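Line by line, the protein sequences give chains V and Y. Heads up, the first sequence is in my numbering, so the first residue is 1 and it goes up one at a time. Heads up, the second sequence is in my numbering, so the first residue is 494 and it goes up one at a time.
Rather than coming from a laboratory, the hints here were simulated on the basis of the structure. One or more of the hints may lead you astray.
Derived DSSO-like pairs (lysine-lysine); straight-line CA-CA distance at most 27 Å [unchecked claim]: (1) Y:K544 to V:K71; (2) V:K459 to V:K445; (3) V:K200 to Y:K544; (4) V:K80 to V:K59; (5) V:K59 to V:K175; (6) V:K459 to V:K80.
Computed from a predicted structure; not experimentally measured.
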Amino acid sequence: MNGKILAGIETEYGLYLEGRGAEDQVDDSMALVRKYPGECFVHWDYRYESPRADLRGFKLERLAFDPADAKFDEGRIRGKDHEIRSDRILPNGARFYNDHGHPEYSTPECWSLDELTLHDCAGQIVVLRAAEAFAEASGREVRVYKNNTDFHGASYGTHENYLVPRRLGFENLFKAVLPMLVARQVLTGAGKVGSEAGPKCRYQLSQRADFFAEPVNTETLYRRPIFNTRDEPHADPRDWIRLHVISGDANMIPRCTARKVGLVKLALLLAVNGTAPSWRIADPVRTFQSISRDQTGEYRIELEGRSWTTAREILESYFAASEATLDLDDDSRWVVHNSRLLLDALDHDPAFARAQVDWAAKRGMLEHFMQEESLDWDDPSLPAFDLEYHNVDPEQSLYGALQEMGTVEGNPPERELVPRINEVFEPTRAVARGAAVANFGDFLKAASWSSLTFEIEGKYVELELRPDAEYPQQLREIRDVGTFIETIKERLA
Amino acid sequence: MSDGDRLTRPLTPEPGRKTDESGPARPDVRKPDGGNELLRRMKKVDPDQAKRYRQRSGE
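Whenever a hint applies, use it, and build me the whole structure from the sequences.
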């Protein structure tokens, strides 16, 4: 692995249309995606998808779904699955589509935290451009939110994906990653007003904590787990596992996104090295929820065997093990250093904490407004401000106001984001996927994360995209489809 | 919560820094600096926006 882990982020966006409801959301999300005005290719290849396969070695008969959603679909006749999904593959190798009524942007695969963060931010521009085109066509106000809850019990995900060697296996992954997933919300939570399940609270760290029912399973729509075991590697399954993390929040602050991914990468690198710290949390689901609701800053965690620790000590154990046993690259060194600074700032430097992590920025914003307007935490308008923090339109977003004021570490400038809508700058397989979309749309018949299928002179040619190969920028300069295919095959040989 | 022993280190021994035994205090997240643009936008927010906002469950 050379100390590097390929990663990506999928964000399901919340969608609000004036005069429309959740029963219309699938139709509206389809229409929004189809209005994306930029260059794209529309045929996604579903052949290699396996959402019911489990890392523990079995396959579910069916996935559970939220019974409330079934009512929305009564009497609705829609097209085939691929028509509903309305996939758009962009020249940067990203996938933009309708997922269960949410416009979803899946970034191209990235090696570095910087590139992944830039592509996550570029995705917001893609979604906003589609929303603006859809608003113009429909004549309705359209708002898109990068968050994970509707405050009425419906949640939608921001998933992280990490490609790791198959030899690691489920047990090693679970033991190394679960404590990190429980503890990292202190450094990465997006913050939420109130609760939608479990003990009542006024404010909590995590948008997702209320929605976990089990420590580990394959589900994603209902009875969600902290550790998801979906086994869908999007690469040769003999060699690779794609760890599918569903317990994280959608972050507005880019540094928070980078920290969120970087912390899991640390846990995975330690797992590969055989030096991950071992913690046995007594009740991971209840603990995830109690940390999210902690108002003391202690973040206490009950362990098996009547002992206890704190989220801070769990996090520090990963940092110490990383420094002691890994040859850290720049990303990992930054994650350790920045995380320690933030843990310290939660006690001693509130301005730094507000700049770095969404839950603190949002809470500071709410407390400021409550003070100005003589409101308290019971005021029923507070969820509206929480929601508008996540508005993707920088002109309307409350996060955008905090960025304008310099209170949060804001988004990178547009000159860094806009080029990434149509290009990818790291030599990942996204270069090949994006080049095929940009240059060979007449020949390309289908694309997925792991393959491209062309039709040339009446014959289908399938090209595997191995995730660990290097795909240089020169691939984008090739204008002959046969040369393009042969060049990639030679590199993979 | 149990009254058992507090563990400040993982079960697998590994070299690390000393941990702070004093325990953290409640994070101080007082009002952000400035405030004009933020307040201007917050006053424009429809206080019922979240009440109307209903979504399907996603993943």
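Evaluation of the provided hints:
1. Y:K544 to V:K71: Holds, at about 20 Å.
2. V:K459 to V:K445: holds (11 Å)
3. V:K200 to Y:K544: Holds, at roughly 18 Å.
4. V:K80 to V:K59: Status holds; Cα separation ~24 Å.
5. V:K59 to V:K175: holds (22 Å)
6. V:K459 to V:K80: holds (26 Å)
Hint compliance for this structure: no hint is broken.
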